[in-house]
Amino acid sequence: DGGITQSPKYLFRKEGQNVTLSCEQNLNHDAMYWYRQDPGQGLRLIYYSQIVNDFQKGDIAEGYSVSREKKESFPLTVTSAQKNPTAFYLCASSIGTVPVAFFGQGTRLTVV
Amino acid sequence: QQQVKQSPQSLIVQKGGISIINCAYENTAFDYFPWYQQFPGKGPALLIAIRPDVSEKKEGRFTISFNKSAKQFSLHIMDSQPGDSATYFCAASNDYKLSFGAGTTVTVRA
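Protein chains in written order, with our numbering: chain C, 1 to 112; chain Y, 113 to 222.
These aren't lab readings, by the way, just hints derived from the structure by calculation.
Incorrect hints may appear among the rest.
Taking lysine to aspartate or glutamate pairs in the EDC-like style, the calculated list, with each CA pair at most 16 angstroms apart, reads [claimed, not checked]: (1) Y/K127 - Y/E171; (2) Y/K183 - Y/D165; (3) C/K57 - Y/D207; (4) Y/K180 - Y/D196; (5) C/K83 - C/E24; (6) Y/K180 - Y/D143; (7) Y/K209 - C/D30; (8) Y/K117 - Y/E138; (9) Y/K154 - C/D38; (10) C/K83 - C/D54; (11) C/K71 - C/D59; (12) Y/K209 - C/D59.
Reference excerpt, derived from the structure (chain C facing chain Y, CB under 7 angstroms, subset only) [as the list claims (entries may be wrong)]: (13) P8; (14) Y10; (15) G16; (16) T20; (17) P39; (18) G42; (19) L43; (20) L90; (21) P99; (22) V100; (23) A101; (24) T110.
Residues from chain Y that keep clear of chain C, each with C-beta distances beyond 10 angstroms, as calculated [what the hints assert, rightly or not]: (25) Q114; (26) Q118; (27) Q121; (28) G128; (29) N134; (30) E138; (31) L158; (32) D165; (33) K169; (34) E171; (35) R173; (36) N179; (37) H188; (38) S205.
Even glycine gets a Cβ: it sits at the ideal position worked out from N, Cα and C.
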C-alpha cells in the first residue's frame, strides 16, 4: 500500500527535551512538507522540501529543524527552543505542481 | 495573519440538506484552491480542487464555486450525509506553499 507513514502516533516529552518525529513515504513524491495543527487555527507550514538535500522554512520554522537525506524520508525535530510544542503534527507529500496531495495520519506531541 | 479566511466556524445540517462553506483570500498570486476533509484524529484528505480559470467544478456531491473578481470561493456539499460529518479546510497556494483557512466543522444530523 502506498502512502505516508508518521510515527509515533502519540508522543510525550518533558519540557526542554528535543524530540524527532518520523515521516516516510513510498509514493515516490519529490516534495514533502511538515504542518502544525492547533485547534481553531487550521494548518501552518513549518518546513518543506522539494528535492533531496534541500529544504526551505515555512511560516513557523523557529524552534524546528529538518533533514532530507533520502527521497522517502523527512524527519522533523522539535527543539527545546520551540516555545509551545504541544500540537498535532502532519507530514505531507506531493508530486508535480500540486502543492499537497497526501497527508500522513499525524503525530500528536504533548510536552509536559 | 491568516491569508485565507473561512466561514462559518461550524454548521449543522439535516441529512439530505446542503452544506455551504465560504472562503476569501487577498493574495492574487494564489493559483490553486483545494479543499480538504479531516476526520478526528486523522490527517486531512484532498477532496476537490480548482484553478482560477474555472468558475465551478463538481465531483459527485461536492462542488466548488470560484469568483475570481471577488476573491472568494466556496464548497457546496449536496445531499449531506452523516458520513460527511467532518472538519473541512479550504486552502490557497502559490509556489508550492499552501495557506489554510481555520476550518469548518460540519455536523450532519440524521
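Here's how the hints hold up against the structure:
1. Y/K127 - Y/E171: The hint is violated at about 19 angstroms.
2. Y/K183 - Y/D165: The hint holds at about 12 angstroms.
3. C/K57 - Y/D207: 13 angstroms, holds
4. Y/K180 - Y/D196: Judged against 16 angstroms, a Cα distance of about 27 angstroms means the pair is violated.
5. C/K83 - C/E24: Violated, because 26 angstroms separates the two Cα atoms, which is more than 16 angstroms.
6. Y/K180 - Y/D143: Holds - the C-alpha atoms of Y/D143 and Y/K180 are around 10 angstroms apart, at most 16 angstroms.
7. Y/K209 - C/D30: Holds, at about 14 angstroms.
8. Y/K117 - Y/E138: Between Y/K117 and Y/E138 the Cα gap is close to 9 angstroms, so the pair holds against 16 angstroms.
9. Y/K154 - C/D38: 14 angstroms, holds
10. C/K83 - C/D54: This hinted pair is violated, its Cα atoms lying about 26 angstroms apart.
11. C/K71 - C/D59: Outside the cut-off at roughly 23 angstroms; violated.
12. Y/K209 - C/D59: 10 angstroms, holds
13. P8: Nearest chain Y Cβ about 14 angstroms off; hint violated.
14. Y10: 10 angstroms, violated
15. G16: 28 angstroms, violated
16. T20: 19 angstroms, violated
17. P39: Check failed: Cβ of C/P39 comes no nearer than 9 angstroms to chain Y, outside 7 angstroms.
18. G42: Where the cut-off is 7 angstroms and the nearest Cβ of chain Y is about 4 angstroms from C/G42, the hint holds.
19. L43: 4 angstroms, holds
20. L90: 5 angstroms, holds
21. P99: For C/P99, the interface hint holds, since the closest Cβ of chain Y sits about 4 angstroms away, which is under 7 angstroms.
22. V100: 5 angstroms, holds
23. A101: 6 angstroms, holds
24. T110: Hint on C/T110: violated, closest Cβ of chain Y at ~14 angstroms, above 7 angstroms.
25. Q114: Nearest chain C Cβ is 7 angstroms from Y/Q114, so the label is violated.
26. Q118: Violated, since 8 angstroms does not exceed 10 angstroms.
27. Q121: 8 angstroms, violated
28. G128: Check passes; 29 angstroms lies beyond 10 angstroms.
29. N134: 15 angstroms, holds
30. E138: The claim holds: Y/E138 sits with its nearest Cβ about 15 angstroms from chain C, beyond 10 angstroms.
31. L158: 6 angstroms, violated
32. D165: With a cut-off of 10 angstroms, Y/D165 remains clear of chain C, as the shortest Cβ separation is near 14 angstroms.
33. K169: For Y/K169, whose nearest Cβ neighbour in chain C is about 14 angstroms away, the distance exceeds 10 angstroms, so it holds.
34. E171: 15 angstroms, holds
35. R173: Consistent with the label, Y/R173 stays out of reach of chain C, its closest Cβ about 21 angstroms off (over 10 angstroms).
36. N179: 21 angstroms, holds
37. H188: 20 angstroms, holds
38. S205: Non-interface label fails for Y/S205: nearest chain C Cβ at 4 angstroms, not farther than 10 angstroms.
When each numbered hint is compared with the structure, violations occur for hints 1, 4, 5, 10, 11, 13, 14, 15, 16, 17, 24, 25, 26, 27, 31 and 38.
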